[in-house]
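Enquirer: Protein chains in written order, with this note's numbering: chain A, 44 to 184; chain B, 2 to 511.
Hint data in this document are derived by calculation from the structure and do not stem from the laboratory. Using N, Cα and C, we set each Cβ at its ideal position, and we do this for glycine too. A hint or two may mislead.
[Unchecked claim] Straight line, CA to CA, 20 Å or less: simulated SDA-like cross-link-like pairs of lysine to any residue:
id, chain 1, residue 1, chain 2, residue 2
1, A, K86, A, G57
2, B, K103, B, F388
3, B, K103, B, R245
4, A, K86, B, E246
5, A, K86, B, L460
6, B, K104, B, R387
7, B, K229, A, R156
8, B, K461, A, V74
9, B, K461, A, R156
10, B, K229, A, L119
11, A, K86, B, K461
12, B, K461, A, G57
13, B, K461, B, P477
14, B, K461, B, K104
15, B, K103, B, E246
16, A, K86, B, F388
17, B, K229, A, A160
18, B, K461, A, V87
19, A, K86, B, G184
20, A, K86, B, F194
21, B, K229, A, V115
[Stated by the list, open to error] Far from chain A, by Cβ distances over 12 Å, these chain B residues were calculated:
id, residue
22, F5
23, I127
24, V128
25, L131
26, G144
27, T182
28, A257
29, T303
30, Q360
31, R387
32, M391
33, V478
[As the list claims (entries may be wrong)] Derived list of chain B stretches under chain A, where covered just means 3 residues or more per stretch with a C-beta under 8 Å from a C-beta of chain A:
id, region
34, 75-82
35, 95-102
36, 193-199
37, 215-227
38, 288-300
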Amino acid sequence: MINADRLQGVIVLGFGCALLLWLVPAHVTSVPGDPLDPSLFPKVAGWIIATLGLLLVVFARSDSAVPARQEVFGILCFITALVVAALFLPVLGFLPVACGLMIASLLLLRERRPIWAALTLVGVPFFVWFLFVVLLGRPLS
Amino acid sequence: MADFSLLMAGFSDVFTLYNMLFILCGVVLGQIVGAIPGLSIIMALAIAVPLTYGLDTLAAISFLISVNKGGTVGGAVPSILLNVPGTPESAATAMDGYPMAKKGKPMKAMKYALYHSVLGDLSSDIVLILLAAPLAVVALKMGPIEITALMILAFTVISGLVGDSLIKGLIAASMGFLLATVGLDPGMATPRFTFGLLELYDGVPLTAVSIGSLAMSGVLLGLLNLRKPDKEQHSAVSIKGGSREDNTVTFAEFWANRYVALRAFIIGTIIGAIPGLGSTTAGFLSYSVNKQAAKDPEAFGTGDPRGIAASETANSAVVGANLIPLLTLGIPGNIAAALLVSAFIIHGIQPGPLLFEEQGRLIYGMFGAMLVANFCNLGVGQFCMRFWAMVVSAPGTIIYPAAMLLCFAGAYVITGATFGIFVMVSAALFGYVMRTFGYSIVAFIVAFLLTPQLENSVLKARLITDDNPWELLNHPVALVLIAISVASMIYLGPRKKKPLDAEMPTPTGQ
């Protein structure tokens with residue numbers, strides 16, 4: 044089985060190389076030799092990241108933990124719910140989207156107690172809306 | 002030296018109903034969040050930053066500082082009643098707080114924690130007030146070359162001290178360093194890594210990144226823990242019953258711990274002033290030192306008030322002291338200070354030694370707010386401890402979704418568009434990966450925060466020296482700082498580091 048630290052080292056090293064060979068040349072203006080060269084810091088970051096990735100490969104620990112597949116699935120579910128909520132926010136407004144996000148959370152958490160579920164579903168979105176929109180005067184959509 | 006009239010004017014600014022109200026709200030919010038196991042002060046601070054957008058600068062800073070101070074007091078409640086630290090800072094408190102609560106004195110244990118927390122916090126605030134202005138005068142004598150060397154030292158020390166591995170700490174810092182280069186460069190104003198998105202021309206929004214990586218990633222982990230079918234159930238020690246003697250701490254009992262509190266205060270203040278170390282380290286170190294100094298060390302861990310005093314005084318003494326590097330050098334000592342920086346930046350203020358010259362009144366106002374917040378902390382804690390004891394049992398199925406929605410709304414408010422939410426969600430995913438694989442989010446955020454300042458200093462240094470590295474020999478302070486950076490890299494180098502906490506006793510059941 045591949046050591047998790049070593050695998051992370053390879054990924055970091057690959058990212059550092061991608062920065063130096065593709066991302067910096069393609070997305071940063073370069074003026075070599077000029078003290079104001081905009082690509083200096085991104086290039087330095089690329090070299091440091093690549094070097095540290097290599098060091099992580101060499102000095103990998105054997106006891107690094109790996110998350111369970113179920114945990115990764117759970118995280119992806121919550122992230123998806125947040126992204127979908129963000130996409131619908133300009134269309135539906137804050138309160139419907141917030142209630143939808145709360146429904147998704149309750150389903151993912153398998154909450155069965157009706158009072159707590161109702162509080163989460165209705166109370167939390169209204170509390171957040173009241174806090175930002177009414178008390179602090181910040182629009183939410 | 003500080004202008005006395007400016008100092009008095011700053012202090013008097015705090016005493017308006019508006020500012021006092023925000024201090025009180027901050028303390029109450031901090032104590033509640035601290036009392037809820039699983040939510041941390043950092044999460045509360047990250048979520049609270051967007052709430053301060055519409056506030057006056059002093060009210061905003063006072064509010065955030067009060068949240069931080071309230072959290073240190075509130076965090077002791079679940080440590081004592083549940084044996085589960087409300088915040089990592091209070092982990093050492095559980096070692097004697099929980100046994101004392103089990104002996105039928107939960108209120109007494111909570112009051113010991115409250116009084117010593119306020120004492121430690123107040124004392125370290127006084128040290129900050131006395132030291133910050135003179136140190137800032139010294140810091141002002143540093144030029145761009147010295148500041149560049151100092152930044153390099155800060156990067157190295159913070160990356161090495163937080164987390165178990167220097168390499169992973171430096172990788173985290175490098176990622177923050179890289180992320181900070183997004184946007185228009187400071188020299189030629191050409192876009193870097195903007196990928197055609199106009200929103201990225203001003204850089205990646207710091208507050209959205211902070212909310213995502215610090216608060217939302219923690220919330221996601223909390224939500225995941227709630228999904229686990231075999232999650233451990235903790236039942237709180239009841240605070241009902243008990244004699245009057247069991248519910249109060251007399252002055253004689255408080256005074257009996259004076260030497261413990263003094264040692265703890267010194268440890269907490271020193272650790273707080275060193276960037277990269279934090280309240281958790283201070284709490285455990287103070288507990289260990291005081292245990293070794295005691296004539297009867299075996300009494301520690303059995304409900305001894307000295308254990309509570311040692312932990313709470315030290316972890317609270319960090320709160321004031323960690324602002325010393327921020328106000329004198331512009332380097333945030335820990336993540337709470339980094340979040341304060343983001344609040345400063347939102348209000349158009351750049352932390353650093355110039356603060357005392359440019360924003361003296363505001364800084365003295367902030368000092369005044371810190372002192373007032375300590376007394377608010379004492380008053381609110383004194384009257385509300387019983388309520389916080391009920392908060393510890395609040396169900397996670399309402400707490401975490403509420404925190405998630407606050408992050409969601411806060412991220413929207415930052416940019417006034419869904420762009421902030423997408424940045425926050427990306428940072429949350431990145432933060433989750435970092436937490437899972439042992440990369441320091443502190444190093445990441447601090448590097449993200451310091452890089453623009455570092456880039457400006459490097460740019461000026463290159464122009465001053467005409468790109469001649471030998472010019473460095475004319476700057477002995479910079480040379481010493483670079484030598485310390487190299488020495489710290491060797492000392493903290495790529496080795497299997499034994500975490501400090503592993504050497505310490507752990508609370509029962511942890």
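Enquirer: Compare the structure with each hint and give your call.
Expert: Hint-by-hint comparison with the structure:
Straight-line distance between C-alpha atoms of A:K86 and A:G57 comes to about 14 Å, which keeps the hinted pair within the 20 Å bound. Simply put, B:K103 and B:F388 have alpha-carbon atoms about 19 Å apart, close enough for the 20 Å limit, and the pair holds. This hinted pair checks out: B:K103 and B:R245 have alpha carbons roughly 17 Å apart, not beyond 20 Å. Restraint check: the Cα-Cα separation between A:K86 and B:E246 comes to about 66 Å, which exceeds 20 Å; the hinted pair is violated.
For the suggested pair A:K86 and B:L460, the alpha carbons sit about 15 Å apart, so the restraint of at most 20 Å is met. Annotation: proposed proximity of B:K104 to B:R387 holds, straight-line Cα distance about 18 Å (limit 20 Å). A threshold of 20 Å between alpha carbons decides the hint, and for B:K229 with A:R156 the separation of about 17 Å falls inside it, so the pair holds. Under the criterion of a C-alpha separation no larger than 20 Å, the hint pairing B:K461 with A:V74 is consistent with the structure, at around 17 Å.
The suggested pairing of B:K461 with A:R156 is violated, with an alpha-carbon distance near 62 Å, which exceeds 20 Å. With a C-alpha separation of about 16 Å, the suggested pairing of B:K229 with A:L119 holds against the 20 Å cut-off. With a CA separation close to 19 Å, the supplied pair A:K86 and B:K461 stays within the 20 Å bound. With a CA separation close to 32 Å, the supplied pair B:K461 and A:G57 exceeds the 20 Å bound.
Between B:K461 and B:P477, the direct Cα distance comes to roughly 18 Å. Compliance with the 20 Å bound is thereby established for this hinted pair. Proximity of B:K461 to B:K104 is assessed by CA-CA distance (about 63 Å); at most 20 Å being required, the pair is judged violated. At most 20 Å may separate the alpha-carbon atoms for a hinted pair to count; B:K103 and B:E246 meet this at roughly 16 Å. Restraint check for A:K86 and B:F388: not satisfied, since their Cα atoms lie roughly 54 Å apart, outside the 20 Å limit.
With a C-alpha separation of about 18 Å, the suggested pair B:K229 and A:A160 falls inside the 20 Å cut-off, and the hint holds. Between B:K461 and A:V87 the alpha-carbon distance is near 17 Å, which keeps this suggested pair within the 20 Å criterion. Taking the CA atoms of A:K86 and B:G184, the gap is about 15 Å. The hint holds against a cut of 20 Å. Restraint check: the Cα-Cα separation between A:K86 and B:F194 comes to about 12 Å, which is no more than 20 Å; the hinted pair holds.
For the given pair, B:K229 sits about 13 Å from A:V115 by alpha-carbon distance, which is consistent with the 20 Å threshold. At roughly 36 Å, the least C-beta separation between B:F5 and chain A is larger than 12 Å, which holds for a residue marked as non-interface. At roughly 33 Å, the least C-beta separation between B:I127 and chain A is larger than 12 Å, which holds for a residue marked as non-interface. With 12 Å as the threshold on Cβ separation, the claim that B:V128 sits away from chain A holds: the shortest Cβ distance comes to roughly 34 Å.
At roughly 35 Å from the closest C-beta of chain A, the C-beta of B:L131 stays outside 12 Å, upholding its exclusion from the interface. Taking the minimum C-beta to C-beta distance to chain A, about 16 Å, the non-interface status of B:G144 holds against the 12 Å cut. A beta-carbon of chain A comes within 12 Å of the beta-carbon of B:T182; the shortest separation is about 5 Å. No Cβ of chain A approaches the Cβ of B:A257 within 12 Å, the least distance being about 44 Å, so the stated non-interface status holds.
With a minimum CB-CB distance of about 33 Å to chain A, B:T303 clears the 12 Å threshold, and the non-interface call stands. The claim that B:Q360 lies off the interface holds: its Cβ sits roughly 24 Å from the closest Cβ of chain A, which is beyond the 12 Å cut-off. Once the 12 Å rule is applied to beta carbons, B:R387 is consistent with being away from chain A; the minimum gap is 22 Å. The claim that B:M391 lies off the interface holds: its Cβ sits roughly 15 Å from the closest Cβ of chain A, which is beyond the 12 Å cut-off.
At the 12 Å boundary, the C-beta of B:V478 stays outside the reach of chain A, the nearest C-beta of that chain being 22 Å off. Counting residues of the region 75-82 of chain B whose CB falls under 8 Å from any CB of chain A gives 0; the rule of at least 3 is not met. Coverage of the region 95-102 of chain B by chain A is violated in this model, with 0 residues showing a Cβ closer than 8 Å to a Cβ of that chain against a need of three. By the rule of at least three residues with a Cβ nearer than 8 Å to a Cβ of chain A, the coverage given for the region 193-199 of chain B holds, with 4 such residues.
With a threshold of 8 Å between beta carbons, the proposed coverage of the region 215-227 of chain B by chain A holds, since 4 of its residues qualify and at least three are required. Only residues whose C-beta sits within less than 8 Å of a C-beta in chain A count toward coverage, and the region 288-300 of chain B has 0 of them, not enough to reach three; the restraint is violated.
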